[in-house]
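Engineer: Spelled out from the first residue to the last, the chains are:
Number of protein chains: 2
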Amino acid sequence: MCKLHNNWYLYIMNKKADHLERLSDPSSYFPGISIDCVIIGFDKDQLHILLLKWKERELWMLPGGFVNLDEDMDQAATRILEERTGIMLPYLTQFHTFGDVNRRDKNLLAEFASMLDGASFTKLNDFLKQRFISTGYLSLVNIQTCKPTVDIMSDYSEWIPVNQIPSLLFDHAEIVGKALEQLKSRINYLPIGITLLPEKFTMKEFQTLYECILGKTLDRGNFQKKILKLGILDRYEKMLSGKAHKAPYLYAFNKKRYNELLEKGIGYMN
Amino acid sequence: MCKLHNNWYLYIMNKKADHLERLSDPSSYFPGISIDCVIIGFDKDQLHILLLKWKERELWMLPGGFVNLDEDMDQAATRILEERTGIMLPYLTQFHTFGDVNRRDKNLLAEFASMLDGASFTKLNDFLKQRFISTGYLSLVNIQTCKPTVDIMSDYSEWIPVNQIPSLLFDHAEIVGKALEQLKSRINYLPIGITLLPEKFTMKEFQTLYECILGKTLDRGNFQKKILKLGILDRYEKMLSGKAHKAPYLYAFNKKRYNELLEKGIGYMN
DNA sequence: CAATTATTGTGTAATTTGCACACATTGCTT
DNA sequence: AAGCAATGTGTGCAAATTACACAATAATTG
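Each protein sequence line maps, in turn, to chains H and R.
All the letters of the first sequence, read from the start, carry residue numbers 96 to 365 under the working numbering.
All the letters of the second sequence, read from the start, carry residue numbers 96 to 365 under the working numbering.
Because the hints were derived from the structure by calculation, they are not lab data.
One or more hints might be untrue.
Any copy will do: because identical chains look the same in the list, a pair fits if it lies in one copy or spans two.
What the hints assert, rightly or not - Capping the alpha-carbon separation at 35 Å, the derived lysine-lysine pairs in DSBU-like fashion look like this: (1) Lys299 - Lys341; (2) Lys351 - Lys324; (3) Lys218 - Lys359; (4) Lys359 - Lys324; (5) Lys351 - Lys279; (6) Lys299 - Lys359; (7) Lys201 - Lys110; (8) Lys218 - Lys148; (9) Lys320 - Lys224; (10) Lys311 - Lys350; (11) Lys341 - Lys273; (12) Lys218 - Lys201; (13) Lys201 - Lys299; (14) Lys218 - Lys139; (15) Lys321 - Lys279; (16) Lys350 - Lys320.
Produce the complete structure using the sequences and hints provided.
Structural biologist: Set out below in structure tokens:
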């Protein structure tokens with residue numbers, strides 16, 4: 096896509112203009128369907144979720160949006176995430192569809208309406224009044240290399256540690272919960288380490304990541320032996336130093352080996 | 096619900112009338128959303144899927160329908176299955192949402208239209224022309240105690256062995272495939288045996304069921320020992336006889352023990 | 001009616017894995 | 001230089017997995 100736009104700035108501006116246009120006249124959107132993205136990152140012994148703050152209000156939400164009438168839902172998820180955060184992820188995996196009648200609080204909707212009215216978004220306002228079903232999409236990313244930007248709807252976007260998530264719009268807390276549950280139950284089938292860790296990392300970081308997802312502590316010695324035996328890591332002699340005590344080895348993924356195993360499900364832990 | 100209708104026949108007729116009314120004027124349906132149910136049974140060493148045949152045509156499909164505007168999707172799944180097959184299942188579990196633009200073949204839709212036109216279903220016809228997203232729901236049932244009936248749209252409903260499934264409407268084959276995949280991957284968390292087998296069964300039947308789901312053979316001796324050790328089965332001295340060779344014991348589930356284990360996931364097989 | 005046979009129930013031995021903990025190593029701190 | 005805290009590795013025991021072998025049984029067969 097870069098090739099079509101040798102001016103990156105123009106490319107972005109085009110996208111933004113298109114987004115804005117559709118919002119002000121949402122007739123090209125599939126009515127009643129939305130998508131919400133749960134983007135999970137890992138930093139400093141904590142899982143983080145990418146959240147957006149609504150303009151001028153202490154109201155947090157997942158990056159979400161609507162499906163174009165001529166667009167597959169999986170494509171829509173990728174587009175929506177890019178529009179709202181600037182993050183381009185070609186593969187997001189669907190994990191659940193939320194279809195309760197009262198999943199969207201009526202009072203909040205009314206507030207939304209009052210905020211939108213002033214800004215010539217009357218059509219969007221009507222569009223939003225109908226009932227919506229939302230499909231949740233999930234992805235895991237390296238928090239360091241993933242710097243979200245902000246769209247017109249939001250003040251700022253932020254990586255929030257899972258234990259510090261504020262109260263969220265509508266049923267977004269439930270959506271996050273379901274995503275974390277999915278992450279845990281599919282831990283052996285998702286590319287956990289390779290997406291959530293930096294290029295090189297210590298064994299301790301890797302273990303902490305697993306402990307966060309599983310919500311329990313693991314035996315250090317056994318974890319290390321199990322992982323090394325799988326052969327998915329290459330060890331680098333260059334050690335991390337500067338901090339107190341014995342310097343640990345740095346490791347990186349042997350991607351070939353890792354992907355081979357991932358197809359059958361890596362039996363890290365039960 | 097029985098208590099409200101001491102005349103069962105009347106109750107059914109009311110439901111049918113309501114269904115018919117909504118179909119002839121689909122304005123009370125959520126536009127663009129449908130539900131398809133994959134009901135799985137087991138009989139004679141084969142998994143079976145419950146399919147409906149379209150009136151006067153060799154066209155097979157999953158029992159499906161539309162969501163009322165004032166109805167949670169999970170509720171809708173139960174209602175739809177009952178409307179189309181007479182089977183009442185309070186718990187159906189959602190497994191995937193199918194949202195590709197071209198999931199419904201345009202030619203088939205046109206044929207549908209021609210069939211419906213003659214029968215004063217012009218509004219339904221228009222309703223069906225729009226794009227639809229469909230959410231798949233899954234349930235496991237005992238094929239013996241589950242006798243489907245037929246609704247106005249269908250000639251007959253039938254349990255079809257998974258290896259003999261005919262070509263299906265739209266993307267229903269893909270939906271079935273995804274359901275079977277789900278069944279396999281969640282085998283330790285779904286009430287496999289207790290829903291798919293009759294009250295009493297032999298160890299061989301139980302093993303065959305697992306082999307069908309997993310798509311591989313299991314060692315007989317080890318399977319038997321593993322299951323017995325879990326303590327989820329009660330053995331009955333009354334043996335099955337009449338057939339050649341050694342008569343096997345009959346077993347039934349110890350439901351209390353079974354449900355206890357199921358919550359944590361029963362580690363039958365990996 | 002005993003021998004046959006296919007199927008069911010159980011046992012065993014070799015191997016692998018899981019688990020808890022101990023010990024050795026290392027590089028910074030004091 | 002000694003101490004310390006974290007990393008890397010080893011060891012022993014229990015439990016599980018795996019691949020068979022053997023025994024028991026009831027209808028079939030000659």
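Engineer: Run every hint past the structure and note whether it holds.
Structural biologist: Status of each hint after checking the structure:
1. Lys299 - Lys341: within (13 Å within a copy, 57 Å between copies)
2. Lys351 - Lys324: Classified as within: same-chain Cα gap 15 Å, cross-chain 39 Å, threshold 35 Å.
3. Lys218 - Lys359: Cα proximity of Lys218 and Lys359: none, with 48 Å in one copy and 48 Å across.
4. Lys359 - Lys324: both (17 Å within a copy, 27 Å between copies)
5. Lys351 - Lys279: both (24 Å within a copy, 26 Å between copies)
6. Lys299 - Lys359: both (25 Å within a copy, 27 Å between copies)
7. Lys201 - Lys110: Both ways: Lys201 and Lys110 sit 31 Å apart in one copy and 31 Å across, limit 35 Å.
8. Lys218 - Lys148: Answer is within: at 23 Å inside a copy they meet the 35 Å cutoff, but 43 Å across does not.
9. Lys320 - Lys224: neither (55 Å within a copy, 58 Å between copies)
10. Lys311 - Lys350: This pair counts as both: shortest intra-copy Cα distance 27 Å, inter-copy 29 Å.
11. Lys341 - Lys273: Neither way: Lys341 and Lys273 sit 39 Å apart in one copy and 49 Å across, limit 35 Å.
12. Lys218 - Lys201: Classified as both; 18 Å inside a copy, 31 Å across copies.
13. Lys201 - Lys299: neither (46 Å within a copy, 55 Å between copies)
14. Lys218 - Lys139: Answer is neither; intra-copy 44 Å and inter-copy 58 Å both fail.
15. Lys321 - Lys279: Intra 19 Å, inter 26 Å, cutoff 35 Å: intra and inter.
16. Lys350 - Lys320: Within. Shortest intra-copy distance 19 Å satisfies the 35 Å Cα cut-off; inter-copy 39 Å does not.
Of the hints listed earlier, those the structure fails to meet are numbers 3, 9, 11, 13, 14, in rising order.
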